[in-house]
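> Here is how the chains run, residue by residue.
There are 4 protein chains.
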Amino acid sequence: MAKLQKSIDKRNALVKATIELVNNNGFHATPMSKIAKMANVSPATIYLYFENKQDLVNQTYIDVKAEYTNYAFADFDPNMPIEEGFEMIWKRIADFKLNECEHAMFLAQCDNTPMIDEESRQEGIKHLQPLLDLWERGKKEGVIKPLSDYILYAYAINPLSFLMMTQKRGSFTLDKAHLEEAYQSAWSSIKMCK
Amino acid sequence: MAKLQKSIDKRNALVKATIELVNNNGFHATPMSKIAKMANVSPATIYLYFENKQDLVNQTYIDVKAEYTNYAFADFDPNMPIEEGFEMIWKRIADFKLNECEHAMFLAQCDNTPMIDEESRQEGIKHLQPLLDLWERGKKEGVIKPLSDYILYAYAINPLSFLMMTQKRGSFTLDKAHLEEAYQSAWSSIKMCK
Amino acid sequence: MAKLQKSIDKRNALVKATIELVNNNGFHATPMSKIAKMANVSPATIYLYFENKQDLVNQTYIDVKAEYTNYAFADFDPNMPIEEGFEMIWKRIADFKLNECEHAMFLAQCDNTPMIDEESRQEGIKHLQPLLDLWERGKKEGVIKPLSDYILYAYAINPLSFLMMTQKRGSFTLDKAHLEEAYQSAWSSIKMCK
Amino acid sequence: MAKLQKSIDKRNALVKATIELVNNNGFHATPMSKIAKMANVSPATIYLYFENKQDLVNQTYIDVKAEYTNYAFADFDPNMPIEEGFEMIWKRIADFKLNECEHAMFLAQCDNTPMIDEESRQEGIKHLQPLLDLWERGKKEGVIKPLSDYILYAYAINPLSFLMMTQKRGSFTLDKAHLEEAYQSAWSSIKMCK
DNA sequence: TATGAATGAGCGTTCATTCAT
DNA sequence: TATGAATGAACGCTCATTCAT
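Protein chains in written order, with UniProt numbering: chain A, 1 to 194; chain B, 1 to 194; chain C, 1 to 194; chain D, 1 to 194.
Treat the hints with care, since some could be wrong.
Any copy will do: because identical chains look the same in the list, a pair fits if it lies in one copy or spans two.
Claimed, not checked - 20 Å max Cα-Cα, derived EDC-like pairs, lysine to aspartate or glutamate:
1. Lys53 <-> Glu84
2. Lys176 <-> Asp149
3. Lys126 <-> Glu136
4. Lys145 <-> Glu84
5. Lys37 <-> Glu20
6. Lys168 <-> Glu118
7. Lys145 <-> Asp175
8. Lys168 <-> Asp149
9. Lys191 <-> Glu180
10. Lys139 <-> Glu87
11. Lys139 <-> Asp149
12. Lys168 <-> Glu119
13. Lys139 <-> Glu180
14. Lys139 <-> Glu181
15. Lys140 <-> Glu181
16. Lys168 <-> Asp117
17. Lys37 <-> Glu51
18. Lys191 <-> Glu84
Source of the hints: derived by calculation from the structure; they are not laboratory data. As the structure is a computational prediction, the values presented were derived from the model and not from experiment.
Let's have the full structure, built from the sequences with the hints guiding it.
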């Protein structure tokens, strides 16, 4: 195997271990030594790939956030009709949050915790632009309520995080029917009432 | 001042310090010694009121959660009409989340982190019962969509947490008008469409 | 035993251990854990008395330097005749360097190494003033060569450090006769030639 | 360029880097990786030229010590008259200590620190023989005090180290006049009084 | 000969918790 | 009840050294 590939593999193993351990224990209860062990490297090796623990978690956050948005917009075409586009994005996000549950939980923890540098947080937000553009167009066309993007996100997207968390805790399982209901609620809350 | 009162004061000072420090630094980056210092007691004194750090944060969580629900249902009467009752509760919750921001943030961190014991989490949920009862009644009366409580909560209440977080980060400020819009979105997402 | 005394004892034990271990291994090859062990305390206890390793060694330096100058000037009276005063100080210094060899070696290592903060070094120098005053007077009276204090120190005092070091290494032992010779050389090098 | 030369260049670069870094940070605060970086080689390469860190610093010491004594005795002829010979050597040594300040400081640090192996220290001392021989002759001729070589060195030569250190710290600058004074003090302290 | 990636051991330091008072 | 001194265990991180290439 090429040397470069081996390096990438190691970096990925570290990122993966970080996600899993931080999910289960939280940032500060996750020692570097455990991350190293889970990634099958020496603790010192981590520092070949990351400056320090903060950098490791920042980079992990950015990686996961990028994966999340890539997934969300994979099939999306900016010229789609508003509702169709929104439904597509929403369902991809739902898919991600409910199937790539580990990654979604990691993001939730990062977003509700003083664990990530502000700079990395900003970096992570950028990728949502296509959704904001869609909403912009929707507002102009009179299909979407003329609300702040923050409010739209709060009602259209963020509830999925709550549902993901709830499901993860085992209190409740979202099936197909639930999902459709949830989508209807999301769309209800942002679509222009006729 | 009575001795008992002095004791309660100390306990409260510890809880208050915990909230503030955990908000700013996260659970594991908040040493007991700092909590003690901020509450003007010796580190050893904490252990007279709490079993250990985990117990301190668990109890703090339950305290804040109770305060939150007390606030939410203060003026609520279970016999109110559904929409009126919901609006009242929703607006009290909004008040709490946006004004008692520190406390709301603390809850958000607890709820998105493996920081609280499952038992204490369950304990904290109980107090929401009046809202669940209202929804139950609403569904029977055909005013509220017949959805799982989790989904209703996700769309009707949880978005406020996101908006609170956003506002706290300074990206965005919710004024009265925003709040009314948010309420309409919340209500739209759960009310039965005619 | 009083609490305060116990604290002072611990601090002193730490300073003592620092001197011995740094003498034998050098600053950076002396771990805090060994210092703690030799002083019969836990590593964490060191940090109750000193801010960090640098602070520990700085304070140790200042302590030893103070002890050194106190010893040197113990019997000295600023009104003594020049030669008599110089001889007294010189012999006290010689005594110190050859008998309190551990302490003298520690100072030598500190003075020839980037191990001590500049600030602490300055602090340590202050105490030599009585000797400089004596030289000043000696120059005015035409008994001491009108040289810079640095040169006077280099020839009158510093050679004792070299001899102490040599003796410590076992190459050579200074007896009474040697000491008298050394004193004559010291005096010869700074006294005004007739 | 011949391969051998390239090798010698690398070794020299390593020795040079060692001197500079150890001067500024001390032996143990100087990582091999930094030495490698400053010498523009890989850390692993150091181990082609030196057994380990201790060997590197030992060899560096011997190199510098040899340079020092070569410089000291460059123009010296064992048949010179005593005083003339001593003055020549002394002034060459002074030149070295004050101009090749970096190298002289390195020696001072090595000589006052448990940083060099005893064996290497002995190796370094050997080269001083011509000066000891001169003194031997001086004593026989009744020109030099019949003192132990250690005492002679302590008064005649070692003060220059102190002056070099002082100058390096910036407290004081030796000009030509100072130097002549210092030489007179040196000579006074070891010459036979008439 | 030369490398850079890799590492185990060990460092300085912190902290939740205890204990004598 | 209240304390502050004390601590063992564990943390993040560094570094001399090795090894596959």
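> It remains to establish, for every hint, whether it holds in the given structure.
These are the hints, each one checked on the structure:
In this assembly of identical chains, lysine 53 and glutamate 84 lie within 20 Å of each other by CA distance neither inside one copy nor across copies; the values are 42 Å within and 50 Å between. For a Cα distance limit of 20 Å, the shortest separation of lysine 176 from aspartate 149 across copies, 17 Å, qualifies, whereas the shortest one inside one copy, 28 Å, does not. Proximity of lysine 126 to glutamate 136 under the C-alpha cut-off of 20 Å is restricted to the intra-copy arrangement: shortest distance 16 Å within a copy versus 40 Å between copies. Taking identical chains as interchangeable, the C-alpha atoms of lysine 145 and glutamate 84 lie at most 20 Å apart only when both belong to the same chain, with a minimum of 16 Å there against 23 Å between chains.
In this homomeric assembly, lysine 37 and glutamate 20 come within 20 Å of each other (Cα to Cα) only inside a single copy, at 13 Å, whereas the closest approach across copies is 34 Å. Taking identical chains as interchangeable, the C-alpha atoms of lysine 168 and glutamate 118 lie at most 20 Å apart only when they sit on different chains, with a minimum of 13 Å there against 27 Å within one chain. With identical chains, the CA atoms of lysine 145 and aspartate 175 are at most 20 Å apart between copies only, with a shortest distance of 17 Å across copies and 29 Å within one. In this assembly of identical chains, lysine 168 and aspartate 149 lie within 20 Å of each other by CA distance solely across copies; the values are 16 Å between and 28 Å within a copy.
Taking the closest pair of Cα atoms, lysine 191 and glutamate 180 come within 20 Å of each other both inside a single copy (16 Å) and across two copies (16 Å). In the homo-oligomer, the alpha carbons of lysine 139 and glutamate 87 lie at most 20 Å apart inside one protomer (16 Å), although the nearest pairing across protomers, at 26 Å, exceeds that limit. Taking the shortest alpha-carbon separations for lysine 139 and aspartate 149, only the intra-copy value of 11 Å comes in at or below 20 Å, while the best inter-copy value is 30 Å. For the identical chains of this complex, lysine 168 and glutamate 119 are inter-copy neighbours only, at 16 Å across copies versus 29 Å inside a copy, given an alpha-carbon limit of 20 Å.
Only between protomers do lysine 139 and glutamate 180 lie at most 20 Å apart by alpha-carbon distance; the minimum there is 18 Å, versus 24 Å within a single protomer. For a Cα distance limit of 20 Å, the shortest separation of lysine 139 from glutamate 181 across copies, 15 Å, qualifies, whereas the shortest one inside one copy, 23 Å, does not. Taking the closest pair of Cα atoms, lysine 140 and glutamate 181 come within 20 Å of each other only across two copies (18 Å); inside a single copy the shortest separation is 27 Å, beyond that limit. Proximity of lysine 168 to aspartate 117 under the C-alpha cut-off of 20 Å is restricted to the inter-copy arrangement: shortest distance 15 Å between copies versus 26 Å within a copy.
In this homomeric assembly, lysine 37 and glutamate 51 come within 20 Å of each other (Cα to Cα) both inside a single copy, at 18 Å, and across copies, at 18 Å. Taking the shortest Cα distances, lysine 191 and glutamate 84 sit within 20 Å of each other inside one copy (12 Å), while across copies they are farther apart (23 Å).
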